[in-house]
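Q: Here is how the chains run, residue by residue.
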Amino acid sequence: MGNVGAVFMFEWKRSLTLPRMAWWLVLAGFPVFIIGVIRFSINASMIENKPPDPALREVVIHHPEVRDAGKEQKLRDPAPRELWIGFLFALGPMLVTMLGTMLWVTPALSAELERRSWVYLSVRPNGGTAVLVGKYLAAVTWVIPPVLLGLAIAVPLSGASNGWQIWWTMARLVLLSTPAYAAVYLLLGTIMPRRGMVLAVGYSLLFELVISFVPAVINKLTVHHRLQALLLQWCELDIPPEFMSGAISLIGNTPPWQHVAILLLYPPILVTASIGILRACEFSSSAESDV
Amino acid sequence: MTALIELVEITKDYGRFRALDNVSLKIESGITGLLGPNGAGKTTLIKVLLGLVRTTSGHGRLLNFELGRQSREIRANVGYMPEDDCYLHGMTGVDCVQFVAQLSQIPATEALRRAHEILDFCGLAQERYRTVETYSTGMRQKLRFAQAIVHDPPVLILDEPTSGLDPEERQVMLNRIRLLARDHGKAVLLCTHILPDVQSISDSVVILARGKVQVSDSLVKLSRPATPSLEVRLLGNEDRFVDAIRGRGIKIDRRPGGGVVLMGLPNQLAADVWHAAQIANVGVRSMTPSQNSLEEIFLNAVRGGGASD
Chain A
-19 MGNVGAVFMF EWKRSLTLPR MAWWLVLAGF PVFIIGVIRF SINASMIENK
31 PPDPALREVV IHHPEVRDAG KEQKLRDPAP RELWIGFLFA LGPMLVTMLG
81 TMLWVTPALS AELERRSWVY LSVRPNGGTA VLVGKYLAAV TWVIPPVLLG
131 LAIAVPLSGA SNGWQIWWTM ARLVLLSTPA YAAVYLLLGT IMPRRGMVLA
181 VGYSLLFELV ISFVPAVINK LTVHHRLQAL LLQWCELDIP PEFMSGAISL
231 IGNTPPWQHV AILLLYPPIL VTASIGILRA CEFSSSAESD V
Chain B
675 MTALIELVEI TKDYGRFRAL DNVSLKIESG ITGLLGPNGA GKTTLIKVLL
725 GLVRTTSGHG RLLNFELGRQ SREIRANVGY MPEDDCYLHG MTGVDCVQFV
775 AQLSQIPATE ALRRAHEILD FCGLAQERYR TVETYSTGMR QKLRFAQAIV
825 HDPPVLILDE PTSGLDPEER QVMLNRIRLL ARDHGKAVLL CTHILPDVQS
875 ISDSVVILAR GKVQVSDSLV KLSRPATPSL EVRLLGNEDR FVDAIRGRGI
925 KIDRRPGGGV VLMGLPNQLA ADVWHAAQIA NVGVRSMTPS QNSLEEIFLN
975 AVRGGGASD
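Chains as they are written, first to last, in the working numbering: chain A, -19 to 271; chain B, 675 to 983.
Isolated chain A, as found in the complex (with noise of 0.2 Å):
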């Protein structure tokens, strides 16, 4: 494990860049930028096509037992809280945390292969498994902070109801899928490092935002499939029967633990058939027609 941690440490300590920061503060702005653009424009429209009924303020203004109760929101602002809880879910859990972790782990053996530094890290004693895992651990750990400052920031600015509570669903969230998105990706680099960025970008689009919405068993092996079922059942949405029937039939009524069981699982296994990929091959160079 001691090799393992030093490759932890200098991804680490190769991250403290300026490069590297900047792009660290983008997947943490992306979230709040989104979020500010969607609240300015809701409030926009508000003050464009329906002026405050003076009425409704004076009932505000004077009952705050009306205010108390969250209802105040509820009249004043035309976007639901489950239309910002799946923004946030979209941009969180979803969108920031598979940018953050298809860049950093996909490469993670191409780059290496490119730079000609494999051979030298390979010839150590476990010295491939080493570098998997180390740059899984650091990516996993370096994507989740901009992921929750990000959020913490953004569901304020939402204003949508129980800020906390939505917070706390999507961090948890946060903390289950970026994991399983890393060994993903990280699974995806290794069987075809050359084309690793386009296989993981392909799997990405097809698997995880289009069959995931398929109601059929594939969608069960998508990280989304299991994200947003967890979703449902721990924020507690205000959704109607009507629509609740069709998003049982998408997601199924298993229990939110076996959920996060699989999602638990996905990295051990994934990284596990990533080293064995790793042992089977010969990725010793990135010359091949070095003889």
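None of these hints come from the bench; they were simulated from the model. Quick reminder that beta carbons are idealized off the backbone N, C-alpha and C, glycines included. Take the hints with a grain of salt, since some may be wrong.
[To be verified] So these bits of chain A aren't anywhere near chain B, every CB distance computed over 10 Å:
| # | residue |
| --- | --- |
| 1 | W3 |
| 2 | L117 |
| 3 | T121 |
| 4 | L128 |
| 5 | L129 |
| 6 | A132 |
| 7 | S141 |
| 8 | G143 |
| 9 | W144 |
| 10 | W214 |
| 11 | S225 |
| 12 | A227 |
| 13 | N233 |
[Said to hold, decoys possible] Selected chain B positions facing chain A (Cβ under 10 Å, derived; list incomplete):
| # | residue |
| --- | --- |
| 14 | L724 |
| 15 | V727 |
| 16 | S745 |
| 17 | R749 |
| 18 | A750 |
| 19 | Q776 |
| 20 | I780 |
| 21 | A785 |
| 22 | L839 |
With chain A fixed as given, assemble chain B onto it according to the hints.
A: Below, chain B alone, put in the same frame as chain A:
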């Protein structure tokens, strides 16, 4: 001497291309030069030894560890200096060496101590605190060498360790390799295109061509010509000397650049040389038993194997 590497009928195919063809080889401890033209299979042989590629057929052992099955043990006991100029971007020299030492499962503090010790040995002084991308070719070569030996392996595989070095640095690098082999008991497999390097420090030589072993023997044996002879260099008229020596019934061969080679046992020919020189009235500048140069051995081996570069 004990067998360090033993390969039995190793074949390695890359698709339809056969990089190693039935290679059987025994390499003893000491310094062994691994020679061959481009595409001969040297790099593949090194990769096979390190377990970086799997063999198509055959088996072998390195330090009593089975190739392929005990790669982890082999890698722990081998220091490899690759030919490729690569470096870990953004790191200082000392960080690089410490990092690879840690990858060899040496604790961080001990790895740092060893990194400094090895960089002292390799002659990287204050430059060790600079980022490696600012290093000159010679410094990078020293750094690669330091990375190969930092975990104190009993076997070193050095791929072109002197390429890109100026003559003085090249000599210093060869002295370091010699020191490690002679004083620290390291076994060294030296893969290079620079024949004088091999001739100056190697105990034995392996020559590969077209994936086959053409020559594998000690340098002393290989340098001995097939028929014993004496090489004579003269001061004065060489033609008169040749006539005089032929008159004594001795077969000769004249060298294009000057000098005469007399066929026969050197100690029996000495008296004839002095007599012939007296008759021809020429001076004898030198008289040495003939030896095959490594260049001749190499060219004969490569041509004999039908390989061309």
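Q: Hint by hint, where does the structure go against what was stated? Just the numbers, ascending.
A: Number 22 - this is the single hint that the structure violates.
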